[in-house]
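**Q** Letter by letter, the chains look like this.
Protein chains: 2
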Amino acid sequence: MRIALAQINCRVGDFEANRRAIQNALQAGRRQQADLVVFPELAICGYPPRDFLEFEDFITQCRQTMDEIAAGCTDIAAIIGGPSINPDPLGKNLHNSAYLLADGKVNAIRHKSLLPNYDVFDEYRYFEPNRRFDVVEFKGHRIALTICEDLWDVDESDPLYTISPMKELQVQRPDVMINISASPFSYNHAADRREVMRTNATRYGLPLFYVNLVGAQTELIFDGGSLVIDPKGDVVEEMAYFEEDLRVFDVNDVVCGKASGSGRTDHGSRMAQIHHALVLGIRDYFTKLGLSKAVLGLSGGIDSAVTLVLAVDALGKENVTAVMMPSPFSSEHSVTDSEVLVHNLGCHQHHISISSLYETALQTMQPVFGDLPFNVAEENIQARLRALVLMALANKFGMVLLNTSNKSEAAVGYGTLYGDMCGGLSVIGDLYKTDVYELARYLNRDGERIPANILTKAPSAELRPGQKDSDSLPEYDVLDKILHQYIELRKGPREILAMGFDESIVRRTLSLVNTNEYKRFQSPPVLRVSPKAFGMGRRMPIEGKYLS
Amino acid sequence: MRIALAQINCRVGDFEANRRAIQNALQAGRRQQADLVVFPELAICGYPPRDFLEFEDFITQCRQTMDEIAAGCTDIAAIIGGPSINPDPLGKNLHNSAYLLADGKVNAIRHKSLLPNYDVFDEYRYFEPNRRFDVVEFKGHRIALTICEDLWDVDESDPLYTISPMKELQVQRPDVMINISASPFSYNHAADRREVMRTNATRYGLPLFYVNLVGAQTELIFDGGSLVIDPKGDVVEEMAYFEEDLRVFDVNDVVCGKASGSGRTDHGSRMAQIHHALVLGIRDYFTKLGLSKAVLGLSGGIDSAVTLVLAVDALGKENVTAVMMPSPFSSEHSVTDSEVLVHNLGCHQHHISISSLYETALQTMQPVFGDLPFNVAEENIQARLRALVLMALANKFGMVLLNTSNKSEAAVGYGTLYGDMCGGLSVIGDLYKTDVYELARYLNRDGERIPANILTKAPSAELRPGQKDSDSLPEYDVLDKILHQYIELRKGPREILAMGFDESIVRRTLSLVNTNEYKRFQSPPVLRVSPKAFGMGRRMPIEGKYLS
Chain F
1 MRIALAQINC
11 RVGDFEANRR
21 AIQNALQAGR
31 RQQADLVVFP
41 ELAICGYPPR
51 DFLEFEDFIT
61 QCRQTMDEIA
71 AGCTDIAAII
81 GGPSINPDPL
91 GKNLHNSAYL
101 LADGKVNAIR
111 HKSLLPNYDV
121 FDEYRYFEPN
131 RRFDVVEFKG
141 HRIALTICED
151 LWDVDESDPL
161 YTISPMKELQ
171 VQRPDVMINI
181 SASPFSYNHA
191 ADRREVMRTN
201 ATRYGLPLFY
211 VNLVGAQTEL
221 IFDGGSLVID
231 PKGDVVEEMA
241 YFEEDLRVFD
251 VNDVVCGKAS
261 GSGRTDHGSR
271 MAQIHHALVL
281 GIRDYFTKLG
291 LSKAVLGLSG
301 GIDSAVTLVL
311 AVDALGKENV
321 TAVMMPSPFS
331 SEHSVTDSEV
341 LVHNLGCHQH
351 HISISSLYET
361 ALQTMQPVFG
371 DLPFNVAEEN
381 IQARLRALVL
391 MALANKFGMV
401 LLNTSNKSEA
411 AVGYGTLYGD
421 MCGGLSVIGD
431 LYKTDVYELA
441 RYLNRDGERI
451 PANILTKAPS
461 AELRPGQKDS
471 DSLPEYDVLD
481 KILHQYIELR
491 KGPREILAMG
501 FDESIVRRTL
511 SLVNTNEYKR
521 FQSPPVLRVS
531 PKAFGMGRRM
541 PIEGKYLS
Chain D
1 MRIALAQINC
11 RVGDFEANRR
21 AIQNALQAGR
31 RQQADLVVFP
41 ELAICGYPPR
51 DFLEFEDFIT
61 QCRQTMDEIA
71 AGCTDIAAII
81 GGPSINPDPL
91 GKNLHNSAYL
101 LADGKVNAIR
111 HKSLLPNYDV
121 FDEYRYFEPN
131 RRFDVVEFKG
141 HRIALTICED
151 LWDVDESDPL
161 YTISPMKELQ
171 VQRPDVMINI
181 SASPFSYNHA
191 ADRREVMRTN
201 ATRYGLPLFY
211 VNLVGAQTEL
221 IFDGGSLVID
231 PKGDVVEEMA
241 YFEEDLRVFD
251 VNDVVCGKAS
261 GSGRTDHGSR
271 MAQIHHALVL
281 GIRDYFTKLG
291 LSKAVLGLSG
301 GIDSAVTLVL
311 AVDALGKENV
321 TAVMMPSPFS
331 SEHSVTDSEV
341 LVHNLGCHQH
351 HISISSLYET
361 ALQTMQPVFG
371 DLPFNVAEEN
381 IQARLRALVL
391 MALANKFGMV
401 LLNTSNKSEA
411 AVGYGTLYGD
421 MCGGLSVIGD
431 LYKTDVYELA
441 RYLNRDGERI
451 PANILTKAPS
461 AELRPGQKDS
471 DSLPEYDVLD
481 KILHQYIELR
491 KGPREILAMG
501 FDESIVRRTL
511 SLVNTNEYKR
521 FQSPPVLRVS
531 PKAFGMGRRM
541 PIEGKYLS
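Protein chains in written order, with our numbering: chain F, 1 to 548; chain D, 1 to 548.
Keep in mind that the hints were calculated from the coordinates and are not lab data.
Treat the hints loosely; a few may be bogus.
It does not matter which identical chain is meant; a pair holds if it fits inside one copy or across any two.
Here are the simulated EDC-like pairs of lysine to aspartate or glutamate, each with C-alpha atoms no more than 16 Å apart in a straight line [stated by the list, open to error]:
(1) K92 with D153
(2) K396 with D57
(3) K232 with D155
(4) K258 with E16
(5) K532 with E54
(6) K481 with D502
(7) K317 with E438
(8) K532 with D234
(9) K396 with E16
(10) K92 with E156
All of these numbers come straight from a predicted model, not from anything done at the bench.
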């Protein structure tokens, strides 16, 4: 049996586009003499479909599309992910399923047992878990067919689930494992995933064909990297990362260790992966919304510089507009550094001064503000006037404003709501400030795109004379370490203090994180590259008093 | 046995405040010779604690607070909701539990079996469901102790769950049912809840003591209305709605039909309930954040007028500031109607013209905009300048901006992101425009607070000369009906068309709802009064192509 893994980029709710992508891959499979083409989890409707799953009409369209594809599967078979209706009157109405299409019809169907419901995942919201286990017979093979999380129960020290799908299937003596997935990227996930899949292959002594989704869906970036692993746990093939791919393997060759694959892919450094992920994240956000043009404000600082380079890499310099908007508090180098950057990249630029607007705003508020001293109100006015200008350009010329906030400032609320926190998409909102510097150095690896001065000067919001970030925040190398412990690793104050950090800095940092939830509630979606990003994967009370 | 139901207002993560509230209620119980005081679900930490539950330190503090309260339970007992650690190595690490505190210690503990994971609920994210059933013995009684959803499996035609906790417990011959809940308000929920609880009492032939949380937690408004029901299904007591309450009952009296309660409470019309709910929602948002002052923009329209009245009812006229900001496109009546309203309410007011700011903004953009015609960009500039003024006041004087958008405009994206969509809290964002009118009439029930002219004139955003909402939207009485079918009832286009609505209006409306998800993503939290509000209870893809 020859199996093709079709690592495709699906679109949520776009049945036409998904049907075409699947049928094209089936054609490619036919050309390469595949017997069976395997597609990702929920490929029929895209992942994650979220509450579209609650519409009967949506489920009907999933099934109609599946049937249409099945009708063409006479000379070739397919395994495709899609929702199915739970035939049991007990429990939720849907399963998350894998359809085997063969002989022109839906030939078999298997359901997901382990439903992730943590971080960005909400699968229990929609699906009833499977509790019946049967191998699928096809072309003389006994296939243990599972879906994504079903194979992730490898940590036997603290199992998250009470059953193990592969242990149940193993007793039926399958000879091959197939897993269809939608497993999103984070900077340490590809290595984890490979190890989890190798553990499965060796634990059950079976060849494993693992296909993953590719492409971004708003916050979530699916990185592909589909795998073929032989029964000894050796990686026969690690497919492309961050792009569509289709490859065909003979099961017998994989079992005998005769399959010729590329083996392990060097998917590059952490920053190389993050760069690929963010470029794909930006590109798919625009493509899937039918948009092409981006605008962003260039402050002269590192965050907007890195965002601009990523936007140019994703959309092309002809589709990106950088706007410089000095105010009375902007330093001279802010503008000159930005001009060098724009020159290096060759994108469009505007210079728009907000000085008159700022003066007029102060005059407008004067009757009410009277002689009250300059404070955060005036600082925020500047940030909001810049957002006003950027959004005016975006609206007039059909562009999307890209947000340039980093994760450190989003964490502690060092940003202006409706000001620099605006934008359709937060590009680097899952990168701490220290990571932004590292990414900047990576972006300059083949020559200076971001001027050296932007990398070396002290970070400043430039909203009052001589302001530096370090006036109000701990130094970023300390701050980011505390934030990582609290946000990614969910350590409490006692554990973080035990690591030797200064007590007042720790308490102030955790309090800032918790009391600024109200700002993050209104943030744009953040491209997720870490195991714990702000947004759908981190759900915190606005009014929580814990550590605040 | 005398049981007190303590319907308290808990604070998420504020262990000190919750401990005090619980200990005060225990004192009140003692004074009224109660043997047992029963508190709501997760009362120890507030509901919903959301991802605080992922912090080991948070769970430890829950348990320490519980133990501290237990130490004082020597002469009285308590049942209190709190998280507990799952002793089984399999499955998630926590249970959602009910602790029986007696004899100075944690005497028994029972876990929730049915974990809601739909709409606003995420309980599978944190908790492992209970699968072992045991009555709790106390003072010679056999108590069937359950938690909220455990009693909601009354619809036997399409069961959401595969087990029934009360059916399991029934075989152990309990003589009383106690249920601790955190069941949020929606305008039809109190009646449903009473019927569900009556069904349980009659089905199992047992007296039922049901205690519900009261108080708002950001979007969610818990309305109390705790119930005592006799074995025949008659309501002995329906406790206060929208306020704290504590009442004591003798179990034997309830069983014999001798208990003297108030019987059914008339909780008023739909609009009376919504008014109570929104006032509580605003008040608790401010109280729990330690804030007191609100500001909002008065446009002369119905939405801001209703929001202002609600703010005054919740916070007091001395804590509310209304701001009138006419632009060149504002009609004269906008200002005069607003002035009458402010006069009627007696709150603070400011008049701040945005004309100079608008002119300066146009001049600022002129070098880039050139001779391009006036369009949505200029309309949005006005809305964003108003937001700038309101946020400047909020920042300078420590006020929270209240958002005044209604559900109809939030649904179809008829609002300006970072303009009129700004605010810390959306007060009427779960009321369709037609409901806003109905609420306005209710608010005028004892005399005109909102001037009649505001109720009768045609809705207009006044962002260009002579603009009316009906220029770009269907009439609200049609629009709201279509939206209700699509949003609350999740009907698809075919089902809605079959009801006889105009096809082009239906298709355009559904498309507008889906393509404006990106705006709602950045909306403030919306006080939830319907069974399906925008926000945490409705999770839609931004890039979905379904019906768009």
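**Q** Work down the list of hints and note, for each, if the structure agrees.
**A** Verification of the supplied hints:
Taking CA atoms no more than 16 Å apart as the test, K92 paired with D153 passes between copies only; the shortest distance there is 13 Å, against 23 Å inside one copy. Proximity of K396 to D57 under the C-alpha cut-off of 16 Å is found in neither arrangement, the shortest distances being 36 Å within a copy and 50 Å between copies. In this homomeric assembly, K232 and D155 never come within 16 Å of each other (Cα to Cα): the closest approach is 19 Å inside a single copy and 51 Å across copies. Neither within a single protomer nor between protomers do K258 and E16 lie at most 16 Å apart by alpha-carbon distance, with minima of 39 Å and 66 Å respectively.
Within a single copy, K532 and E54 get their C-alpha atoms only as close as 27 Å, which misses the 16 Å cut-off; across copies the closest is 12 Å, which meets it. Proximity of K481 to D502 under the C-alpha cut-off of 16 Å is restricted to the intra-copy arrangement: shortest distance 12 Å within a copy versus 58 Å between copies. Taking the shortest Cα distances, K317 and E438 never come within 16 Å of each other, neither inside one copy (23 Å) nor across copies (53 Å). For the identical chains of this complex, K532 and D234 are neighbours neither inside a copy (30 Å) nor across copies (50 Å), given an alpha-carbon limit of 16 Å.
Taking the shortest Cα distances, K396 and E16 never come within 16 Å of each other, neither inside one copy (31 Å) nor across copies (52 Å). Taking the shortest Cα distances, K92 and E156 sit within 16 Å of each other only across copies (13 Å), while inside one copy they are farther apart (28 Å).
Going down the numbered hints, you'll see the structure goes against 2, 3, 4, 7, 8, 9, while the others check out.
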